[in-house]
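Protein chains: 2
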Amino acid sequence: MRIGIIGAGQLGRMMALSGIPLGLQFTMYDRSAEVPGAAVAPIVTGAFDDLRALARFARGVDVMTFDWENVPVASVRAVEKIAPVWPPPRALAIGQDRLREKRLFQRLGIPVAPYAAVNDWHGLQRAIASLGTPGILKTLRLGYDGKGQSPLRQPADAAAAWRQLGGQPLLYERFVRFTREVSLIAARDQGGRIACYPLAENVHELGILAQTRAPFSDAGLQRAAERQAKRLLVELRYVGVLCVEYFVDRGRLVANELAPRVHNSGHWTIEGAETSQFENHIRAIAGMPLGSTRARGHAVMVNLIGRLPPAGKLLGIPGLHWHDYGKSPRPGRKLGHLTQVCATRRDCDRAAAAMRRIAGRRRTTESPLC
Amino acid sequence: MRIGIIGAGQLGRMMALSGIPLGLQFTMYDRSAEVPGAAVAPIVTGAFDDLRALARFARGVDVMTFDWENVPVASVRAVEKIAPVWPPPRALAIGQDRLREKRLFQRLGIPVAPYAAVNDWHGLQRAIASLGTPGILKTLRLGYDGKGQSPLRQPADAAAAWRQLGGQPLLYERFVRFTREVSLIAARDQGGRIACYPLAENVHELGILAQTRAPFSDAGLQRAAERQAKRLLVELRYVGVLCVEYFVDRGRLVANELAPRVHNSGHWTIEGAETSQFENHIRAIAGMPLGSTRARGHAVMVNLIGRLPPAGKLLGIPGLHWHDYGKSPRPGRKLGHLTQVCATRRDCDRAAAAMRRIAGRRRTTESPLC
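For the protein sequence lines, the chains are A and B, in the order given. Add 396 to a position in the first sequence, counting from 1, and you land on the number used in my numbering. Add 396 to a position in the second sequence, counting from 1, and you land on the number used in my numbering.
Excised from the complex, chain A in its bound form:
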């Protein structure tokens, strides 16, 4: 069976690395052949809205998926008649629109932060008056890694936020005074069976995921998150891996956003779980049963952003796993990650501190507002 991946970044690369041992073959589609996926699959190049090139690509594969949440939905819908696309294009469309996402969460009884759609300057004023500050103004589309967001500490910040983002559909959201950020990675196979990984705890720095630790180990929140993920997966007739990111606000989950794909906060599963998120995504879209999502211990994952530390220094740390995506360095760019699996959570914290030192980072927590 040949699997086509639209997008050939590090996520596509890690999907192929997990699927090749299953006897599957891969082809990827991206704008350039100089992509991380090129190390493991032939790359077909073309624009993401070139429907003819995409159709040719689709005719050469048995099933398709994507590794990037901003692939145009129209492109995916145009080729899904040629070869099935999983996750379903509807999930992709919802993941690309913060308003549809919020409304779906609400309709399924999944708590979200209070919000209001903002279409003009007066709409922003009304939203601030009704929801108060602090809050965040966000674009509905193309937001990731902290892009397309502007925080408002006080009503007077509205003008600056509007200058930055105004002129496109927006959403104003009351800031959640969260104590933690967690995410759930869940998978659904073609027979409708669902498997969830343990919740992972995430730390963002400057809007980009810096560190993930798993399992988060809160039985009540795990049950709540799994219940919510199941509702989403069933509603969307989902096949593949889905990620839901949450804030933990006074012991309760508040859904922030969903990603209809394998997710950076699930990279720990490569070494830290019985079956990785990548293998389970590929198993699901290839019509195979899901593998066990059991954690192997306590895992910590640290992202390598902007520059890579020397491999020799890192690999000398016993038990450290190094993933270099083969990308050229650039400030703010995710170039690789490190994972360590430990017997206890305390060992994990110590390992994380050592990894961060080597990765050239010091802080472990940062909130965009506090």
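There could be a bad hint or two in this list.
Copies of the same chain look alike in the list, so a pair counts if it fits in one copy or across any two.
Listed next, the in silico BS3-like pairs over lysine-lysine satisfying Cα-Cα at most 30 Å (straight line) [claimed, not checked]: (1) Lys626 - Lys709; (2) Lys709 - Lys477; (3) Lys709 - Lys723; (4) Lys477 - Lys730; (5) Lys730 - Lys543; (6) Lys709 - Lys730; (7) Lys543 - Lys626.
Hints listed in this document are in silico derivations from the structure and should not be mistaken for laboratory results. This structure is a prediction, so every number in the text was calculated from the model and none was measured.
Starting from the known structure of chain A, fit chain B onto it as the hints suggest.
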């Protein structure tokens, strides 16, 4: 850094799958492009004794290794001036000659079964008279997976054995009444640091490895095997992974043979150890430090030989890992393997029984003579 692998079978494929996450690139050389390695690396085709083609291949890579122990030593020596070859060609030469192998074992104080070189029919008669039966007549060269061997239950079997193998350099070896077969996978990096995996216990069927279980968990034998492996690695100025196969005879190790490469009895390390044999081999030849060889629990590996069972049935077993090498079926051919990692040895035995049922095999032990 680009690594060239001479031979692009399943071992080369698994080397590349473990090295690509480290940011390394791979090219492979084999007689055909229809090889398991083709899924993960460009293949340069040519005969293994085509020195011009091999030289061209060597010029395109930074360091070379091999995934097959019968690559002609002359070929490797001819290209090692262009790019370094690890493990060293001397180790390859010794692995290809049972007599040199035995003599090296003896010189380093590593116990072997009593043996005699056999060059003609009278030599075989003398060897039988001196060492007795049962015994095994073996070719010095090109023996693997039980090929090039003929067992002698009694002196009268000599004629049949001679008919089968006579006319080439041979060796007669007294049969070791072993209780177990075990193997040690050891690695040495370019700085001379050595790391050994826990001993694994192997079961052969019809001369082909059928099952491996690890760790074997005998502290005394582990110490003895590590001591012996270190002598071999240092003597050979070895870089990369080495496998030594042993019989256990009345509680003592008797060395059977060495393989100067990653080995089928080390496949369990992909899921069952902190760092796989493949990653440690690649780290060593790429000049990186070795990773931890700690076992993650109790692992069992079952080879899939001749035909593959349906993937869906296998993947439904929780915790089972499936490796399909992408080869076409043929009787006696290794097409893939299964691995399961369990908390206890008993769980492992139960898992092994289920895996063997699905793999279509029943027996777990078989000796060529008893």
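Going down the list of hints, with the structure as the test:
no., hint, verdict
1, Lys626 - Lys709, "between (42 Å within a copy, 25 Å between copies)"
2, Lys709 - Lys477, "between (49 Å within a copy, 29 Å between copies)"
3, Lys709 - Lys723, "within (19 Å within a copy, 38 Å between copies)"
4, Lys477 - Lys730, "neither (34 Å within a copy, 38 Å between copies)"
5, Lys730 - Lys543, "within (14 Å within a copy, 50 Å between copies)"
6, Lys709 - Lys730, "within (19 Å within a copy, 38 Å between copies)"
7, Lys543 - Lys626, "within (29 Å within a copy, 54 Å between copies)"
Hint 4 alone, counting from the list given before, is not met by this structure.
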